[in-house]
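Novice: Using the sequences and the hints given, assemble the complete structure.
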Amino acid sequence: MNPLLLPIFLPLIAAPLIPALSPRIPKFRELTGIFISIAVFIASVSLFRETAAYTVPWAGFGFDFTLRIYPFAAFILCAVSGFAVLVSLYSSVFMQSKPNADWYWFSFLITLGFANGVALSDNLVLLLFFWEGLLVTLYLFLALARENTECKATAMKALIINGVADVLLMVGIGITGCLAKTMSMSSIAVAPLQISGWGLAGFLFMALGAMAKAGAIPFHTWIPDAATDAQLPFMAYLPAALEKVLGIYLLSRVCLDLYSLNGSPAMKIILMTIGAVTILVAVMMALVQSEYKRLLSYHAISQVGYMILGIGTGVPAGIAGGVLHMINHAVYKSCLFLTGGSVEHRTGTTKLAELGGLAASMPVTAICFVIAAASISGIPPFNGYFSKELIYKGALDTGYTVFFIAAELGSLLTLASFLKLGHSVYFGKKPEAAPEVKEAPWQMLLPMGVLAGICVVFGFGAKLPITLLIEPSLAGTLSSLPEHLYGFHFDKLFLLVFAVIAAALLNHWFGVRSGGSPQKASEHIHHAPVLGTAYTLAKARVFDPYDQGMTLTFFLGRGLYVLDRVFDFLIDTLPTAITEYGALLVSKFHTGFYGYYLAWIMAGFILLALLVSYTGALP
Amino acid sequence: MNISGSSFWLLAVVAIPVFGSFLIPLAGLAARKTDKHLALLLGAFTFFAASMVLLSVARGEAVSWHLSLPLAFDLQLDADYLSAFMGVVSSSISAIIIYYSQGYITAQRGHTEYYSIVTLFLGAMMGLVYSMNLIWMFVFWEITAICSWRLVGYYRGEKELQKANKTFLVTVFGALCLLLGIISIYAANGTVDLRHLKGETIPDFAVLMLLLGIFSKSATLPFSTWLPDAGVAPSPVTALLHAAVLVKIGVYAFARIFCATVQLDPVWSTFVLFIAGMSALVSGGAALIETDIKRIIAYSTISQIGFIFLGLAAMNRIGVAGALLYILMHGVAKAGLFLCAGIIEHKAHTKDITKMGGLFTAMPVTAVSFGLCAFSVMGIPPFGGFFSKFMVFRGAASFGHPGIVVLFLIGAVLTLVYLLRVFYAVFLGPQRPLAVTAGARAHEAPVQMVASVALLGTLSLLLGIFVYYPSHYLEVLCSQIGIILP
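In order, the protein sequences belong to chains X and L.
Just so we're aligned, residue 57 is where the first sequence starts under the numbering used here, counting upward by one.
Just so we're aligned, residue 627 is where the second sequence starts under the numbering used here, counting upward by one.
Simulated from the structure, these hints should not be mistaken for lab results.
From the three backbone atoms N, C-alpha and C, an ideal C-beta is built for every residue, glycine too.
Be careful, since some hints might not be right.
[Claimed, not checked] A few chain X residues that face chain L, going by a derived Cβ cut-off under 8 Å, partial list only:
1) Trp114
2) Thr609
3) Gly613
4) Leu619
5) Phe623
[To be verified] Residues from chain X that face chain L, not an exhaustive set, calculated with beta carbons under 7 Å:
6) Thr205
7) Gly219
8) Val227
9) Asp620
10) Asp624
[Unchecked claim] Here are some chain L residues the structure puts well away from chain X; computed CB gaps all over 12 Å:
11) Ala638
12) Phe648
13) Arg658
14) Phe671
15) Asp706
16) Arg735
17) Glu786
18) Leu795
19) Leu806
20) Glu916
21) Lys981
22) Gly984
23) Leu1046
24) Arg1047
Specialist: Shown next as structure tokens:
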């Protein structure tokens, strides 16, 4: 068997065994999940330095089953399976007594196989196959998460949002394949397509599909709902890690390999705008959340903005920063979600008002949290700072300072919201009603520790991830990678960090003082004059594109329904009425009197005679 | 008449169900349950014979059967890649539906007639598929119309009869247009034998008339509304006629005449594409608003037929192959959906989705089968519908008309939304107060019914995983039939 097939088919083959055998063999699902993930990880790592391809005929018409490994794909592959190992270990404790755990593990492995498929696909149709296939497991994960109807509704929401995005991607791939006359990504990459005419539609649809997977605005609103309804490891696995990795991977390939983004300044501005808006809107929402997981989920959206902004700059530093931020984000955001899971596992709640002072009883969790929170807030020397620094540089290089300001402002608000979260959960006063708790079990601490460790290792100048992952990945596509992508640069950007930290601390101090408790540290922003109204409207889902879109869709549906009734009238009611009326009219002539019929015959003859005499012959 | 082995199967695939259907009433007289067993036997045989024909065709044999008749009425049956494919698809789904009927129909009055008409329908369908003479195509076309008239009005209530008449009148109106078209082809080209029309052009009037016939039979705007109304029929009938087989007659005729035989002007292609796009959109919207589960699925059929036309009228290999694949994938999945609706209706005693909810626990197998089929219709991998949907879109991109792509893009989104809405409302959503009594009684249906839907659901998945076989076949098909396909 070709080694390229292992990361895809090993989990796919193992997955159906879980619901089949798990009821009979105790611990089967946990052990299978962990061992398959580890095996896939080992297989992926062994492919790390490979460059190889594998092709078999598949759906005909140039839709071949083509897998290709090269540094970028290998990087994605290792990231995906690495997260799978950590999350599987964590889930083995967390999911033990949760409903439908068999199907959780089934979905877990199918997701792993499909995600690896996305990373390895060289044929666009194959990529789409795996990509869209993830919808099924997304739906399973969410619909089976709990025994209530809310999570079913969230599952539907997630599937519709992502399904719409995937339809866009499908059309984009159709157009791209049509323009390029091939579905092979490596063949298209030889001469990327121009973004104009049909190419513009193809690029836009593909980019939207990719960004939607990563969770960018306006395809984001299912994520906070999922944070409430889904089981926590799902959040760490998909929205925090895999979906970001895959979405940004595809986005960068679309912008670099399939199309030449640098040929279209307008598209760059559109991408950067989507990025900046995503950063700011989501972080503003995160700031006022009062629930651990929901707060994190908004950051999972906000951080995508940085990656899109970075790639959208089209500047090598920005692109490298975007990709680096993708992996950094996956690491610290998974870690943050896992700390939330530990807290939930031990205390039974994630509401900030019911938590406090956990640093004493859960020190390891608290340390992991602090490291990851410092990373996401862009505080040196942790990893998040270095990727953000590259994105800032990219944004400045484009000359549009406004995007740079948006990114810095995002950092400030991110830090502010993590000060609030950390202060509330780990350092504030413990509420009297809260029970005494102990530290989470090692199966949960280990994944968190590893991820926090990566935050540190990928920090401190960030030489390791740049030389190991980013430079090989982008070497083939970016003609010139700038030097000094890594290392500390003691310039204005570095100094600005301290200003940001100071501002965030000041804001937090002010918030706690005016609000009265760390949970209320953002109330002064929550109820600020204009913002307060905006927040109220947001809470009423006025800005939720899903709700608005559904309203619009049903409105459209009602209009189309009326149109359908009109057609029904035209082919049913109207002809029936005309026929009935005509029959009635004709029946009036049938009086039964001989004289009438004779008169009709005579009239007919006369008419015919006139006609003949007029035209000169029978017609 | 000299009949070789493969030609025997070709003759048998048409003649056995057509003439066999007349034996079913006799069998029904002989003993009570013989009718349904004979029908199942005939259905299974037809599928088997169609498969034998397909194998012969795939081996490269020329399979045909000929009966000389005066004037232009020669009965000419030919099996090529296209007809053999269509024959197997229709007969396999029909056989499954007849099996399902064993659990659905027996308890009710008039079952002998039911089985007899269904078998006759199957035979006529086979005749239509393999006919190379437009006149005979028309004859079989009308036989299917008469069968559907009897079957839609099966329950014989006032409303059922009215809807049966509507179905009949609309499709027969179309068929008469078709006949006019055929006559005008005869007048202009001197033949109605498709083998002799290959590569010819036919008058615009004939094209228009043929298209009217095709649109009415395949329930496309403006003739679409007979299809949801025909939902008053028993569910296996709706599945057979209005999802899997009858409504595919029109698209098959389009493929046979306009893709495989005569030249079609690109202006007509654009015309068909816009009609189909509007059809997909309007019925998609209607499916979103309807609350009757069978009407929703019927509207969905209209909408999906629009996608099939999208592939066919795009007039390129990938589009046509996608459309034919669509006939297969959609037939399987949509038959499954209708049959699931039958089970739900049978057990929950309502067709109104607003009165259902939480049926997942009561009927898990049906629910999962419904889900699998729905995913396939939505076009989500790894289900079969993904490939067909992608290929028609790819074909549409090659055709290169942005407006059409946008129409179908919205159509695809609507598909996603209305199917999820049904699935949520019926199986997952909260139990409605009205449905508590019905829900409490709801449980899985007889084994024939559940097994049928489970089979169709599984097929939807397997056809996606093993897509290599059908798509490879279609790749060969396109190089075989194409006269103009780029």
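Novice: Would the stated hint for Trp114(X) survive a check requiring a Cβ distance to chain L of less than 8 Å?
Specialist: With Cβ-Cβ at 6 Å, under 8 Å, it holds.
Novice: Please check whether Gly219(X) passes as an interface residue: C-beta within 7 Å of a C-beta belonging to chain L.
Specialist: holds, 5 Å
Novice: Taking 12 Å as the cut and beta carbons as the points, is Phe671(L) off the interface with chain X?
Specialist: holds, 31 Å
Novice: In terms of Cβ atoms, is chain X entirely out of 12 Å range of Glu916(L)?
Specialist: Given that some Cβ of chain X is not farther than 12 Å from that of Glu916(L), nearest at about 8 Å, it is violated.
Novice: Would you check whether the claim that Asp706(L) is not at the interface survives, using Cβ distances to chain X and the 12 Å cut-off?
Specialist: The claim holds: Asp706(L) sits with its nearest Cβ about 19 Å from chain X, beyond 12 Å.
Novice: Verify this label for me: Glu786(L) is non-interface relative to chain X, using a Cβ-Cβ cutoff of 12 Å.
Specialist: Fine: 16 Å to the nearest Cβ keeps Glu786(L) off the interface.
Novice: A closest beta-carbon separation below 8 Å is what the hint needs, so does Leu619(X) meet it against chain L?
Specialist: holds, 5 Å
Novice: Going by Cβ atoms, does Leu795(L) stay more than 12 Å from chain X at every point?
Specialist: About 8 Å separates Leu795(L) from the closest Cβ of chain X, which leaves it inside 12 Å; violated.
Novice: Regarding the assertion that Ala638(L) does not contact chain X, is the least Cβ-Cβ distance greater than 12 Å?
Specialist: holds, 31 Å
Novice: Return the status of the interface hint for Thr205(X): holds when the least beta-carbon distance to chain L is below 7 Å, violated otherwise.
Specialist: holds, 5 Å
Novice: Compute the least Cβ-Cβ separation between Arg1047(L) and chain X, then decide whether it is above 12 Å.
Specialist: The assertion about Arg1047(L) is violated, with a minimum of 8 Å to chain X.
Novice: Was the hint right that Gly613(X) lines chain L, CB cutoff 8 Å?
Specialist: Since chain L brings a Cβ to about 4 Å from Gly613(X), closer than 8 Å, the hint holds.
Against the hints set out earlier in the document, violations occur for numbers 18, 20, 22, 23 and 24.
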